[in-house]
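Based on the provided sequences and hints, a complete structural model is requested.
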Amino acid sequence: MDALVNKRIKQVLKGDKDAFAEIVDLYQHRLFQVCFRMLGNRHEAEDIAQEAFVRAFINIHTFDQKRKFSTWLYRIATNLCIDRIRKKKPDYYLDAEVKGTEGLDMYSQIAAEDELPEEELMKLELQDRIQYEISRLPDKYRSAIVLKYMEELSLQEISEILELPLGTVKTRIHRGREALRKQLSRQPNFL
Amino acid sequence: MNACPERIVHYMHEYLDGEISREHELELKSHLQSCVDCQAHMHELSDVVAFVKGAAHVEAPTNFSNAVMARLPKEKSHAGVSR
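Chains as they are written, first to last, in the working numbering: chain A, 1 to 191; chain B, 1 to 83.
Hints were generated in silico from the structure; no laboratory data involved. Glycine included, every Cβ here is placed at the ideal spot set by N, Cα and C. There is no bait here: all hints are sound.
Derived PhoX-like pairs: lysine-lysine, alpha-carbon spacing no greater than 25 Å straight-line: (1) A:66 to A:17; (2) B:74 to A:14; (3) A:7 to A:68; (4) B:53 to A:170.
Pulled a few chain A residues facing chain B out of the computed Cβ check, cut under 7 Å: (5) 25; (6) 33; (7) 36; (8) 181.
Per label pair, the in silico range of CB-to-CB distance: (9) B:34 to A:22: 56 to 66 Å; (10) B:5 to A:138: 23 to 33 Å; (11) B:5 to A:156: 21 to 31 Å; (12) B:5 to A:83: 32 to 42 Å; (13) B:56 to A:3: 24 to 34 Å; (14) B:74 to A:115: 45 to 55 Å.
Here it is as structure tokens:
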């Protein structure tokens, strides 16, 4: 696959924009999935995953073809997701109206990320429950856990994507697992 | 509280990462046989892994590729091309 991708990249570099469509087709699901798991929202995931491809296109001349393209692409996407998550963190303007949401202010958005009462939690379908628990992880741990267990990448690859030493990646995964253990053990009969 | 060596939890994670040495694995196993608290901890961690691995694969929306192509800049910048 890498050979095919590098061929398409060369075509894009020569100005053949359409060759990029095939690259998008190859990676769209993986990239969308990682954005969805990081952001917990399909619309945002779609926007950020598209943006990641656009950035990849614009910066394609900086990609080193001796490296793995997916690693580079994942790096662009996870960085965009983390930026988005940080921007959403409401340090200021808590009561400012959120654009295009008619009366929804930042308070209502935080409320959505707050811990659900136990009875509400019990009503969640398994898939919603998984996403809910993932979204409550601090973003540092979330990206490592998502890349490892949902994208099924090796620790080495995760370290290249996140540009962190292998030891740091391991620590984040360990802490992520411990954090999830605590989150889940708060509900009786879940773990 | 119990006085289990801190390294035991560390070994649990090494085990889950599939990166545990024979030596650490033996120590972990023999400790788990004698300590119900650590046994429970190990079980919970394994359940956490099973839980997150239970996440369904999600796919990009159907017109995703077209949407990306429509969003690409119209003219490719000539920065790298001119010469």
